[in-house]
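Participant: Okay, here's what each chain looks like letter by letter:
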Amino acid sequence: MTREQLDSLAAEFRYVVTDAICRSGVGHIGGVMSLVEIVITLYYRIMKIKPQDPNWPQRDRLVLSKGHAGPVVYTALAYKGFFPKDWLTTINKNGTRLPSHMDQILTPGVEITAGSLGQGLSCACGMALAAKHDSRKHRVFCIIGDGESDEGQIWEAALFAAHNQLDNLIAICDYNKMQIDGRTEEIINLEPLVDKWRAFGWETFEMNGHDWDAVYDTLQKADGVTGRPAMIIAHTIKGKGNRETEGLVDCHNVKIPDETTYQRLMCGLECKFDLPY
Amino acid sequence: MENYHEMEMRVVYAQTLKDLIDRNPDVFCLEADLGKADASIPVVSKSHPRNFINCGVQEANMIGVGAGLAREGKIPFCATFSAFASRRCYDQITISVAYANNNVKIVGNSPGITQGPNGGTHMCFQDLAIMRAMPNMHVYSPADANELRAVMFHMAESKQPTYMQLVRLKMPKLFEEGASFDPHQAKRLHAGQDITLVATGFMTRFALDVARQLEKENITVDLLHYPSVKPFDTKTLIDSARKTSAVVTVENQNIVGGLGSAVCEVLGENHPVKVKRLGIPDQFGEVADQDYLFNKHGFGPEHIAQACRELSRSKSK
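Going down the list, the sequences are from chains A and B. Residue numbering for the first sequence follows our numbering, starting at 1058 and increasing by one per position. Residue numbering for the second sequence follows our numbering, starting at 30 and increasing by one per position.
By construction, these hints were calculated from the structure, which means they are not laboratory data. Just so you know, these numbers come straight off a predicted model, no measurement behind them. Careful: at least some of the hints might be erroneous.
Unchecked claim - Only part of the chain A face toward chain B is listed, based on derived beta-carbon distances under 7 Å:
no., residue
1, S1173
2, Q1176
3, C1180
4, A1187
5, Q1210
6, Y1273
7, Q1277
To be verified - Quick list of in silico lysine to aspartate or glutamate cross-link-like pairs, DMTMM-like style, CA-CA up to 25 Å:
no., chain 1, residue 1, chain 2, residue 2
8, B, K65, B, E35
9, A, K1194, B, D55
10, A, K1189, B, D48
11, B, K259, B, D120
12, B, K202, B, D262
13, B, K75, A, D1191
14, B, K188, A, E1301
15, B, K188, A, D1191
16, A, K1189, B, D62
17, B, K188, A, D1160
Unchecked claim - Some chain B residues well away from chain A (every beta-carbon gap over 10 Å; in silico):
no., residue
18, D120
19, I124
20, P164
21, H183
22, S209
23, F261
24, N299
Backbone N, C-alpha and C fix where the C-beta goes; we use that ideal spot for every residue, glycine too.
Build out the structure end to end from the sequences listed, making use of the hints.
Facilitator: Pasting the structure below:
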């Protein structure tokens, strides 16, 4: 894909996922928008998947440990053909198969249920361990949040993955530097974050999480690491790509109570697209 | 033929896990730095080092790793002391295991007062209650070594998230080798007409002693042993209560929420009779031996016998 095609796809993802979230009246727009380039790169350029066979044994796995960003992964899954795009209009509605937080039972292509923060990285460790045990070559990707990194369980998993030399595990921290109650440096400071992961025994990279080349190249480098797990600290912007949310602390969980709010949010996006449903 | 009842239950646990891995290399043994207490060190760690994962003192991570293994088709047995296997990582079990329906087996070693010298911090009296309150979860408490093996063979075959209490100590033989286990079926260990006595796990041996003792006093006890507290065999209980009209329960747990509560729920909705629940009367544990705690909380053999006498007498008035 050319850079122009990727830019256009990212803008379309942002447009569609914002519309889909707005239909439910409330949603985690901030942490969804910060992950668009990373999720597109994973699903379109890095991961081996078979949408028609979601449980294909050789597939690469993605665990979204920050399960509240489910809608951006749902958008990728719908666009890749795991399920019809019109499912996106049901996000968080009664009887949906696309709940706000990831659910491995409900949604084709979702590997692990996540939403109670800190748990997904442990599950990803178990999945990577199983692959190593069986000498299978697929990779396990895991996206964690920066706020999620406050959880002790993240650091339990960090010790575990390094001790067990899980070099088939590639984690990405969506470091948008904001959490629900404010900036991470004000709530509970994570710095020096890169040093922490290095000290825990992970091969650690930094990248601009919105730069296509940086995201792709860093994921490739992380894939080449042997003997230890890889962590990519992705510097991102919460609410990226929408004038109404970009860089705003209060965009974690946005309420869309009326048509006026909906129109304001949709007008804040860079481009307008025909909705695919 | 092994004489499993001559071994500590933890050794039987480890030996059975080794046997399960011998048969199915997808079975895994996970520990959180209590592999020696569970006897999986050295039994499993030596025989199957690739299937033995020591997570260190990381109960929450152990449950998550187990869930990830289960998602990939493995059958992880995650063991630690019952306090840490249940209350410490309750949310991890709730979300990563039960809600996601991942096939993880959680083993709570040294339940209730059997923690003895580790005292109040380690004595967990609510694991049956909190695990029973979790959708998708099966909850077992085997009473002797042969039943423990039967329960573990069932766990390795089933696709069900499961919590099992593991008494660490040697237990007297109640069942023959090759004993059966069906989670939907209680076991009648002593037939009687005068009083129904319901027990599980560690307390069943004492309940059987009481049933035999009371026979000499012409009180016949219908003793029901529940190796599975959830699912709970309602029919056997209701049939027995129709016959005896009075029920005593005894468990190595808080009387709030566990076996006694399950009995009251079933009888209250189906066949109300008088029930006396014996166990820990909603208190925390402490460093003490078995007899001290039986006497303090009133659920040792003498207390069970007295409750059976009183209830069978009171119903005839």
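Participant: Against chain B, with CB atoms and a cut of 7 Å, does the hint on S1173(A) hold up?
Facilitator: 4 Å, holds
Participant: Run the distance test for K65(B) versus E35(B): straight-line Cα separation, threshold 25 Å.
Facilitator: 19 Å, holds
Participant: Measuring from the C-beta of Y1273(A) to each C-beta in chain B, is the shortest one below 7 Å?
Facilitator: With a minimum Cβ separation of about 26 Å from chain B (threshold 7 Å), the hint on Y1273(A) is violated.
Participant: Are Q1210(A) and chain B close enough, Cβ to Cβ, to be under 7 Å, as the hint says?
Facilitator: 5 Å, holds
Participant: Should the hint that Q1176(A) touches chain B count as held when the rule is a Cβ pair under 7 Å?
Facilitator: It holds, given that the least Cβ distance between Q1176(A) and chain B is near 5 Å, below 7 Å.
Participant: For F261(B), which was marked as not at the interface, is the minimum beta-carbon distance to chain A over 10 Å?
Facilitator: Its Cβ never comes within 10 Å of chain A, the nearest being 25 Å, so this holds.
Participant: Measuring Cβ to Cβ, find out whether I124(B) lies farther than 10 Å from everything in chain A.
Facilitator: 4 Å, violated
Participant: How about C1180(A): closest beta carbon in chain B under 7 Å, or not?
Facilitator: At about 4 Å, which falls below the 7 Å cut-off, the nearest Cβ of chain B leaves the hint on C1180(A) intact, so it holds.
Participant: Confirm or reject: N299(B) is not an interface residue toward chain A, with every Cβ-Cβ distance exceeding 10 Å.
Facilitator: Nearest chain A Cβ is 32 Å from N299(B), so the label holds.
Participant: If you draw a straight line from the CA of K1189(A) to the CA of D62(B), is it 25 Å or shorter?
Facilitator: Measuring from Cα to Cα gives roughly 22 Å; hence the hint holds.
Participant: Would the least Cβ to Cβ distance between D120(B) and chain A come out above 10 Å?
Facilitator: 6 Å, violated
Participant: Hey, is S209(B) genuinely clear of chain A, shortest beta carbon separation above 10 Å?
Facilitator: Holds: least Cβ distance 32 Å, greater than 10 Å.
This entry does not satisfy hints 6, 7, 14, 18, 19, going by the numbered hints stated previously.
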